[in-house]
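My request is simple: use the sequences and hints to build the entire structure.
Here the protein sequences line up with chains A and B, keeping their order.
Numbering of the first sequence is given in our numbering, commencing with residue 1 and proceeding in unit increments.
Numbering of the second sequence is given in our numbering, commencing with residue 1 and proceeding in unit increments.
These are computed hints drawn from the structure, not numbers from a lab.
Listed next, with one range per pair, are the computed distances between beta-carbon atoms: (1) A:ALA231 with B:GLU54: 48 to 58 Å; (2) A:GLN61 with B:ASP231: 38 to 48 Å; (3) B:ARG176 with A:THR192: 47 to 57 Å.
Stretches of chain A that chain B covers, calculated by requiring three or more beta carbons in the stretch to come under 8 Å of a beta carbon on chain B: (4) 32 to 46; (5) 67 to 80.
These numbers come from a predicted model, not from an experiment.
All residues carry an ideal CB built from backbone N, CA and C; glycine is no exception.
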Amino acid sequence: MSPARTGGAGGGRAAGPGAVAPGAGAGDRLSRLLAMVPWLLERQGVALEDAARHFAISTDQLVADLELLFVCGTPGHMPDDLIEAEWESGHVYLGNADAIARPLRLGQDEALALLVGLRTLADLQGVEDSAALEGALAKLSAAAGDAAAAAGSVQLDLAAGADPGVLAVVRGALSRSRRLHLRYLVATRDETTERDVDPMELESLDGRWYLQAWCHRAQGVRRFRLDRVLAAEELDADGTPPPEAVARDLGSSLFAPGDEVPLVVLDLDAGARWVAESVPVEDVTERPDAPGGVRVRLRVADDGWLRRLVLRLGGAARVVSPPALADQVAAAARAALAAAEGYDEDERPDDGDERRADGDGGPGPARHRG
Amino acid sequence: MAPAQRTERLLNLVIALLSTRRWLRKEQIRQAVPQYSEATSDEAFDRMFERDKEELRDLGVPLVTGTDAAWFDDEAGYRVDRDAWELPAVDVTPAELAVLGLASRVWQQASLAGPASRALVKLRALGVEPDESSLVGVEPRVRTSEPAFGPLYAATRDRAPVTFRYRTGRTGETARRRVEPWVITSCYGRWYLVGHDLDREAPRVFRLDRVSPGITRTGGTASVPVPEDLDARALVRGRDGAPAERTARVRLTGSAGAGLRLRAGAPADAHEVEVPFADVDELAQEVAPLGAEARVLDPPDLRDAVLALWRGALAAHEPGHQSGQPGHHSGQQTGQQTGTGHEDGRTGAPAAAAGGGAR
Numbered sequence: 001m002s003p004a005r006t007g008g009a010g011g012g013r014a015a016g017p018g019a020v021a022p023g024a025g026a027g028d029r030l031s032r033l034l035a036m037v038p039w040l041l042e043r044q045g046v047a048l049e050d051a052a053r054h055f056a057i058s059t060d061q062l063v064a065d066l067e068l069l070f071v072c073g074t075p076g077h078m079p080d081d082l083i084e085a086e087w088e089s090g091h092v093y094l095g096n097a098d099a100i101a102r103p104l105r106l107g108q109d110e111a112l113a114l115l116v117g118l119r120t121l122a123d124l125q126g127v128e129d130s131a132a133l134e135g136a137l138a139k140l141s142a143a144a145g146d147a148a149a150a151a152g153s154v155q156l157d158l159a160a161g162a163d164p165g166v167l168a169v170v171r172g173a174l175s176r177s178r179r180l181h182l183r184y185l186v187a188t189r190d191e192t193t194e195r196d197v198d199p200m201e202l203e204s205l206d207g208r209w210y211l212q213a214w215c216h217r218a219q220g221v222r223r224f225r226l227d228r229v230l231a232a233e234e235l236d237a238d239g240t241p242p243p244e245a246v247a248r249d250l251g252s253s254l255f256a257p258g259d260e261v262p263l264v265v266l267d268l269d270a271g272a273r274w275v276a277e278s279v280p281v282e283d284v285t286e287r288p289d290a291p292g293g294v295r296v297r298l299r300v301a302d303d304g305w306l307r308r309l310v311l312r313l314g315g316a317a318r319v320v321s322p323p324a325l326a327d328q329v330a331a332a333a334r335a336a337l338a339a340a341e342g343y344d345e346d347e348r349p350d351d352g353d354e355r356r357a358d359g360d361g362g363p364g365p366a367r368h369r370g
Numbered sequence: 001m002a003p004a005q006r007t008e009r010l011l012n013l014v015i016a017l018l019s020t021r022r023w024l025r026k027e028q029i030r031q032a033v034p035q036y037s038e039a040t041s042d043e044a045f046d047r048m049f050e051r052d053k054e055e056l057r058d059l060g061v062p063l064v065t066g067t068d069a070a071w072f073d074d075e076a077g078y079r080v081d082r083d084a085w086e087l088p089a090v091d092v093t094p095a096e097l098a099v100l101g102l103a104s105r106v107w108q109q110a111s112l113a114g115p116a117s118r119a120l121v122k123l124r125a126l127g128v129e130p131d132e133s134s135l136v137g138v139e140p141r142v143r144t145s146e147p148a149f150g151p152l153y154a155a156t157r158d159r160a161p162v163t164f165r166y167r168t169g170r171t172g173e174t175a176r177r178r179v180e181p182w183v184i185t186s187c188y189g190r191w192y193l194v195g196h197d198l199d200r201e202a203p204r205v206f207r208l209d210r211v212s213p214g215i216t217r218t219g220g221t222a223s224v225p226v227p228e229d230l231d232a233r234a235l236v237r238g239r240d241g242a243p244a245e246r247t248a249r250v251r252l253t254g255s256a257g258a259g260l261r262l263r264a265g266a267p268a269d270a271h272e273v274e275v276p277f278a279d280v281d282e283l284a285q286e287v288a289p290l291g292a293e294a295r296v297l298d299p300p301d302l303r304d305a306v307l308a309l310w311r312g313a314l315a316a317h318e319p320g321h322q323s324g325q326p327g328h329h330s331g332q333q334t335g336q337q338t339g340t341g342h343e344d345g346r347t348g349a350p351a352a353a354a355g356g357g358a359r
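In C-alpha cells form, the structure reads like this:
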C-alpha cells in the first residue's frame with residue numbers, strides 16, 4: 001500500500017536494462033528532498049522516525065538524504081553556503097536552506113497522473129466516500145494550476161470490463177464486510193465451483209476486475225476474476241476475513257511454487273514480454289537474438305496450462321526446454337490445424353472473398369449447422 | 001555517474017538558479033555547480049546540462065530563459081521563476097489525502113508511476129497524515145506495457161501532431177499514418193489513441209499495440225486543436241465506425257471451453273456457441289489455447305486469426321527451430337496428433353505464414 005513502492009513499474013516498461021537512463025531515480029529523490037526540506041524547516045527537532053514515516057522511507061534513507069543536503073548549497077560552496085543539517089541526537093534540525101524553503105509546485109505529469117486517477121475513481125460511482133473524492137478533485141485542481149490543463153488528454157475507462165450487476169454485489173459486500181456466495185468458473189480446470197468467501201480487496205487491472213477474498217472452501221486467500229463469476233450473492237453473515245488473510249499486490253502471485261515443481265525455459269518475443277511480468281518466474285534475461293525479447297525460467301506444475309499459454313501466444317513464445325513439452329505444444333498446434341484445415345478443405349474451397357460475412361446467417365456457415 | 005551524485009548536481013543546480021536575481025549563462029552555471037567539473041569537454045557538459053534541464057522541468061521546476069540587455073550576443077541565460085515555484089497552499093483533509101493516495105496507486109504498475117508518487121510526496125509535505133479508514137478496498141490499476149505509450153502520451157499531452165507506422169486489424173497491413181492526437185485512453189485493458197487522421201480527414205481510433213516503433217512529431221507543441229465535444233469513450237467502444245459487438249460461432253468438443261460457454265451465455269453442455277465480441281485478436285487468444293477442441297465456424301477473420309496463432313506456435317516448435325535436432329519426436333506427446341499423417345508436407349507453409357503474420 002505504500003505510495004513509495006514504484007520500483008517495479010519503471011523496470012517493466014523499459015525495453016530492457018540498457019534502456020534505463022543512467023542516474024534514473026535521481027529526479028524522484030530530488031523531488032522528495034525538495035518536499036522534505038520545507039516540512040522539516042517547519043518542524044525543527046522532529047524525531048528521525050516520525051519524519052521517515054511521514055515520507056514513507058526508512059530512517060537509513062532519511063539519514064542518507066540529510067547527508068546529501070549537508071553537502072549542497074549556494075554557489076561558492078564554502079561552509080557558509082552549505083545547508084546545515086543535524087540529526088545526531090535522533091532529532092532533525094535544518095538551517096541555511098532559504099532558497100528551497102518553500103514546497104515546489106506539481107509538474108505537469110504529476111498533476112495529470114493524480115487528476116486522471118481521481119476522475120477514474122469518480123467514474124466508478126459509489127466506490128469511495130464521494131465528499132472526500134470531490135474535495136480532493138477540487139483542491140488538486142487548485143494546487144495544480146496550469147499543470148492541470150493537460151489532464152483531459154488521458155482517460156481511463158475501467159467500467160467497461162465488468163458486469164455491473166456482479167460488480168455492485170461484490171462492492172456492496174466489501175463495503176459492509178459481508179460474506180459472499182460465489183458460483184465461479186475455474187477456467188484452467190474448465191469447471192464450475194460453489195464457495196463462500198470473505199471479500200478483502202477489489203482490484204482492476206488491464207481492464208479486468210479481480211476480487212481477493214478469503215475462501216472458506218480452500219481455507220486460503222484466493223483471487224477471483226469477476227467476469228468468471230457466474231453468480232454472486234451477499235449472505236447474511238459477517239464477512240471479516242480471518243487474521244491470517246493477507247492481501248497481495250495484484251501482479252504478484254498468491255503462491256510461490258516449490259522446488260519440486262519442474263522448471264521450464266521459455267523464450268518470449270517482445271510482443272509476449274508481458275508474460276514475464278504477469279506470471280511468477282524464477283528469472284528473466286534479455287535475449288541477444290531478439291530485441292526486446294526475454295528468456296524466462298518458470299516452475300510449471302501443469303503442462304496443460306503452459307501448452308494453452310503458448311498456443312495463445314502464437315509463435316511469440318517458444319518452449320526451449322524440456323523438449324518433451326515443446327513437442328507437446330507442436331503436437332497440439334498440429335492437431336488443431338489438422339482439424340481446422342480438414343474442415344477448411346470440405347467446406348470453404350474459396351479463401352478470399354468472405355470480407356463481409358461477419359453477420360449471423362451467411363450461407364457458408366449455415367451449411368454445417370447440424 | 002551514481003544516482004546520488006546526480007541528485008547532488010541537480011540540487012545544487014536548482015539552488016543556484018533559485019538564488020540568482022540575474023540570468024545565468026551556461027558558462028556561469030558550469031562554474032556554479034561543482035559536479036559539472038566532471039564534464040571533460042564542452043560537448044559532455046552540454047549533454048549533461050540539457051538532460052538536467054529536462055529533468056527539472058519534468059519535476060515542475062519553473063525554469064525560464066532570457067537575455068540580459070547588457071550582453072552583446074544573444075546566448076540565453078537561465079533562472080528559476082520564484083513566483084511560479086511554490087505549491088499553492090491547499091488544506092487537504094486526511095480523508096482527501098487517502099483518496100489522492102488511491103488515485104496515485106492507479107499508476108503503480110504503469111509508466112506514470114514516478115510522477116504519481118512524486119505528486120503524492122509533494123502533497124504530503126503540506127503536513128497532513130492520510131486517513132485510509134474511509135477507503136473500501138477498491139484498487140483500480142492500469143498498466144502501460146505498449147512501447148508506443150511513452151511517445152504517444154507525451155505527444156497527446158503536448159498537443160503535437162505525430163506520424164507512425166500502423167498495422168490495421170482487419171487487413172493486417174502496415175501503413176504510415178499522420179495523426180493529430182486528441183486523447184489517449186485505456187479501455188478493455190488496452191490503450192487507444194483517438195485523433196484526427198490527416199490523410200483520411202476523419203477521426204480515427206488506433207490501438208497502441210499495433211503502432212510500430214519509431215514515432216515522430218511532425219509539428220510543434222500546442223498546435224493540435226482538440227474538439228470541445230469530443231466523446232473519446234464512445235469512439236473507442238465502437239471504434240472505426242464498426243459496431244462494437246460482433247458474434248462468433250465456435251464449435252467445442254467435450255467439456256472444453258467453459259469460458260467461451262460462459263461468455264456466450266450458453267449451457268455447460270452446449271457444443272456450438274455464439275460468442276459476442278468486439279476484438280478479433282482478443283477472442284482469437286481465448287480460442288487458440290483450446291487447440292483441436294475448438295473450431296471457429298464464423299467469422300472468417302476470427303478463424304484466420306486463430307489459425308495464424310496455431311501456425312506460429314507450430315513453426316516456433318518445429319524440429320530444426322530448436323537445437324538443430326531434426327525429427328526428435330519423443331514418445332511422450334499427448335495423444336492429440338490426429339494430423340500426423342500429412343504434417344510433414346505442410347511444415348514449409350506454416351513457417352512462412354508465421355513469419356509474415358506474427359507480430
